[in-house]
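We have chain X; now place chain H onto it with these hints.
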Amino acid sequence: MAVITRDLHLAVRQGGATFLALVFFLLTVTLFPLGIGPEPAILARVAPGVLWVAALLAAMLSLDRLFQADFEDGSLEQLTLSGLPLGGIVLAKIIAHWLTTGLPLLLAAPILAVLLNMNTEGFAALLLTMLIGTPALSLIGAIGAALTLTVRRGGVLLSLLVLPLYIPVLIFGVSAIDAAVHGLNAKPHVLLLAALTLAAIPLCPWAAAAAVKLSLE
Amino acid sequence: MSLHYFANPTRFTRLAGRIQPWAGGLAALLLAVGFYLALIVVPADYQQGDTVRIMFVHVPSAWMAMFCYIFLAVASAVALIWKHPLADLAAKASAPIGAGFTFLALVTGSLWGKPMWGAWWVWDARLTSVLILFFLYLGYMALWQSIEDGQKAAKAAAVLALVGAINVPIIKFSVDWWNTLHQPASVLRMDGPAIHPSMLWPLLIMALAFKVYFVALLLARMRMELNLRRIRALRLAERSS
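Chains as they are written, first to last, in my numbering: chain X, 1 to 217; chain H, 1 to 241.
Chain H on its own, in the form it takes in the complex:
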């Protein structure tokens, strides 16, 4: 059974429909456990106090921001090379989710930055590169929206995603470099020298929760997209008959 087995939309919808509630339920469960551990069980940090709890949302969403872009780029490559019909959909569906996670990472980072560094925003390498990643997501979604022909939009967006994928490491690297030239690396240390197990486990649970949530959301969006296409096709058929 190859990947093309699921190229059939009906088969995919059926399978996705079966997985989606499980993924959603699992995500809810993991989120509940993760939040319970992060907000109640985990002790306050000896330096940062309770603000350290922001980390449990901030770090997983930052991970997801990058993961979504990789997923987007791989799906785009699959769509361009093998013309797998669902790869386009997967790429399109993952972009807003990725943008959402990126935005969440930026906002929580900003909220965390205020008590820790005394500023909402610092032009630090990591912050800047995440902001640029956010703009890349926006550009990708804008390109999808502005080309009317769906097939063309899919290909154009895929080309853009791949160009972006080549450029993301370069941007990241250049921004790191730019920062170290102007100010010594001192501002951002994500988790101190070593993270204590009592904090590591909740963090990993939250990360897993975010990932499962991504799967559930992705499947939901892909099914929605498929249904929209079907509605459009039915309307067209109705009008022409």
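Next up, chain X with everything else stripped away, as it sits in the complex:
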């Protein structure tokens, strides 16, 4: 708990990072109408996918913040020596990461959906899937972030490791919104997404903790 508040304080006082992820999200989404063309019908068709892909990339780009700074100034080592279970610490850091990245993205998504002319029936599904899915992005990403801690310029490697693992989240997130837009039942997709996140909650911090321990050796 203390780790969460500490990380949140750090994120708030340094400002920057959350804001950057948001701006990145906004910019990527803006690129699509420019690239595809401004026809409202086309934009409405691709909106769920574009929003999810952009959110996924924004979340991925902010992953290096998860452990890197703490690793460099040694506080990560101090935390592991504190006697607390490392998995718990990692989970706390993941929660803090989600609060500073996933949550803002979630809040910004409906506004961008309006800009993309998305069908209003999909809004509830968009919010719901983002709420359920973005924690999974932080959780899975933590493994990648922990594995690339000791790698110099690990950004590209991180994306190579993490993006294939993100695919199920993307698929279920987008198909839930698509189903809702077309008036179909979105519930099975949402439930599968929830299952994914729930499975990730115990497994990912554990694997990430193993990876963190490795980089501190």
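It is worth saying that the hints were derived from the structure and are not from the lab.
Honestly, I wouldn't trust all of these hints.
Capping the alpha-carbon separation at 25 Å, the derived lysine-lysine pairs in DSS-like fashion look like this [stated by the list, open to error]:
#, chain 1, residue 1, chain 2, residue 2
1, X, K213, H, K114
2, H, K83, H, K152
3, H, K211, X, K213
To be clear about the criterion: a stretch of chain X counts as covered by chain H if any three or more of its residues have a C-beta under 8 Å from a C-beta of chain H, and this derived list gives those stretches [stated by the list, open to error]:
#, region
4, 104-111
5, 142-150
6, 158-165
7, 207-217
Not close to chain H: a few residues of chain X, all C-beta gaps over 12 Å, as computed [what the hints assert, rightly or not]:
#, residue
8, R6
9, F24
10, T30
11, L131
What you are looking at is a predicted structure, and each value in this text was computed from that prediction instead of being measured.
Cβ coordinates follow ideal geometry from the N, Cα and C atoms, glycine included.
Chain H in isolation, oriented as in the chain X frame:
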């Protein structure tokens, strides 16, 4: 005699050196027989014509692509849990081979897809999941390369391989699902309703050939890796003395 009997690199090298030429020879023989049957003996398919012969390379390499990943994951688990010194090596050595088979499966699939479906690439569930598998191999190899400390790299890569192993069925399943939502399952039928024995036997021979070839290549790569380590150790010793 336990698995740890072969934990001794010298003993392993000796044994591997003895098996390797046999495995290589057997693979060459099986490949020759398999290709002879597949390219010459097997009749052309009544619908697909001669393009059906691509299957004899495509299907075994796709099988091997999956088999290699399972092997990689099991070896990684053994390395992490029992710290068996050769398991790391086996995992590392199998990754490029697996990536090679995956690539072969993708390329031959694409070549087969053009005359059959009229497109080099279809965003079909099976194709997509194999492509993702290919990326997983690439990520695994990239992680090995980018961490300098060998021991650390081995552990990190093992963690990644296991995470991937949990995720592969999920990805496969989700991609299957994603596809069926957008287009009805009609595109890919690997071998029709039932495969005729005249085609099944060459296929099985080819599959066996690929497997034996994998063993030969794996042993060769593991020996190479061991020798590289020995060279490094000797160099270090030379420099420090």
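A quick look at each hint next to the structure:
1. Proposed proximity of K213(X) and K114(H) is contradicted: the alpha carbons are some 49 Å apart, above 25 Å.
2. For the given pair, K83(H) sits about 13 Å from K152(H) by alpha-carbon distance, which is consistent with the 25 Å threshold.
3. Taking the CA atoms of K211(H) and K213(X), the gap is about 37 Å. The hint is violated against a cut of 25 Å.
4. Three residues within the 8 Å Cβ limit are the bar, and the region 104-111 of chain X against chain H gives 0, so the coverage statement is violated.
5. For the region 142-150 of chain X, the stated coverage by chain H is satisfied: 4 residues place a CB nearer than 8 Å to a CB of that chain, which reaches the threshold of 3.
6. Using a Cβ-Cβ cut-off of 8 Å, 5 residues of the region 158-165 of chain X lie near chain H, which meets the minimum of three, so the contact claim holds.
7. By the rule of at least three residues with a Cβ nearer than 8 Å to a Cβ of chain H, the coverage given for the region 207-217 of chain X holds, with 6 such residues.
8. For R6(X), the condition that its CB be more than 12 Å from all CB atoms of chain H holds, with the nearest at approximately 26 Å.
9. Non-interface call for F24(X) relative to chain H: holds, since the shortest CB-CB distance, roughly 23 Å, exceeds 12 Å.
10. Residue-level check passed: T30(X) sits 26 Å from the nearest beta carbon of chain H, beyond 12 Å.
11. Even its closest Cβ contact with chain H, about 19 Å, leaves L131(X) beyond 12 Å, as expected for a residue assigned away from the interface.
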